[in-house]
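Q: Residue 11 in the numbering used here sits at position 3 of the sequence shown; the count goes up by one each step and never skips.
Please keep in mind that the hints were generated in silico from the structure rather than gathered at the bench.
Any given hint could be a false lead.
[Said to hold, decoys possible] Between beta-carbon pairs, the in silico distance windows are: (1) Thr15 <-> Ala50: 30 to 38 Å; (2) Arg96 <-> Ile49: 34 to 42 Å; (3) Val104 <-> Ser83: 17 to 25 Å; (4) Phe45 <-> Glu18: 35 to 43 Å; (5) Thr15 <-> Leu106: 30 to 38 Å; (6) Ala61 <-> Thr13: 30 to 38 Å; (7) Ser83 <-> Val107: 30 to 38 Å; (8) Gly105 <-> Gly25: 23 to 31 Å.
All values derive from a computational prediction rather than experimental measurement.
All residues carry an ideal CB built from backbone N, CA and C; glycine is no exception.
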Amino acid sequence: MQTETITEGEARRRLEGLAGWEYVDGRIRKEFVFRTFLRSIAFVNTVAYLAEAAKHHPHIAINYNKVTLRLITHSEGALTNRDFDLARQIEGLPMVGLVEATSATTAE
């Protein structure tokens, strides 16, 4: 099933409503920093359940207490509404133990 892709300009416009998310290399991403490793893993598990329910799986990188999420619709090789829908769902999660959430570029 083909989904309408989103241009870079449209993606950047949509990111204005998603604090800390950024557009990089055709994907959107955000880094979350938690107090502990276990808090970061709990967050990843919650994101995994959301992603599985949506049948839309992000790239997840875990580095101790830092979790970086990157979203792209793999079947399209581009961003689609599915990516922004999942990002909004992630933003609605309870962020227990969150220390900061930033764009990955500013955190690197």
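Q: Now, for every hint given, state plainly whether the structure supports it.
A: Going down the list of hints, with the structure as the test:
no., hint, verdict
1, Thr15 <-> Ala50: 30 to 38 Å, "holds, 35 Å"
2, Arg96 <-> Ile49: 34 to 42 Å, "violated, 23 Å"
3, Val104 <-> Ser83: 17 to 25 Å, "violated, 32 Å"
4, Phe45 <-> Glu18: 35 to 43 Å, "holds, 36 Å"
5, Thr15 <-> Leu106: 30 to 38 Å, "holds, 31 Å"
6, Ala61 <-> Thr13: 30 to 38 Å, "violated, 23 Å"
7, Ser83 <-> Val107: 30 to 38 Å, "holds, 34 Å"
8, Gly105 <-> Gly25: 23 to 31 Å, "holds, 25 Å"
Hint check: violations occur at hints 2, 3, 6; the rest are consistent with the structure.
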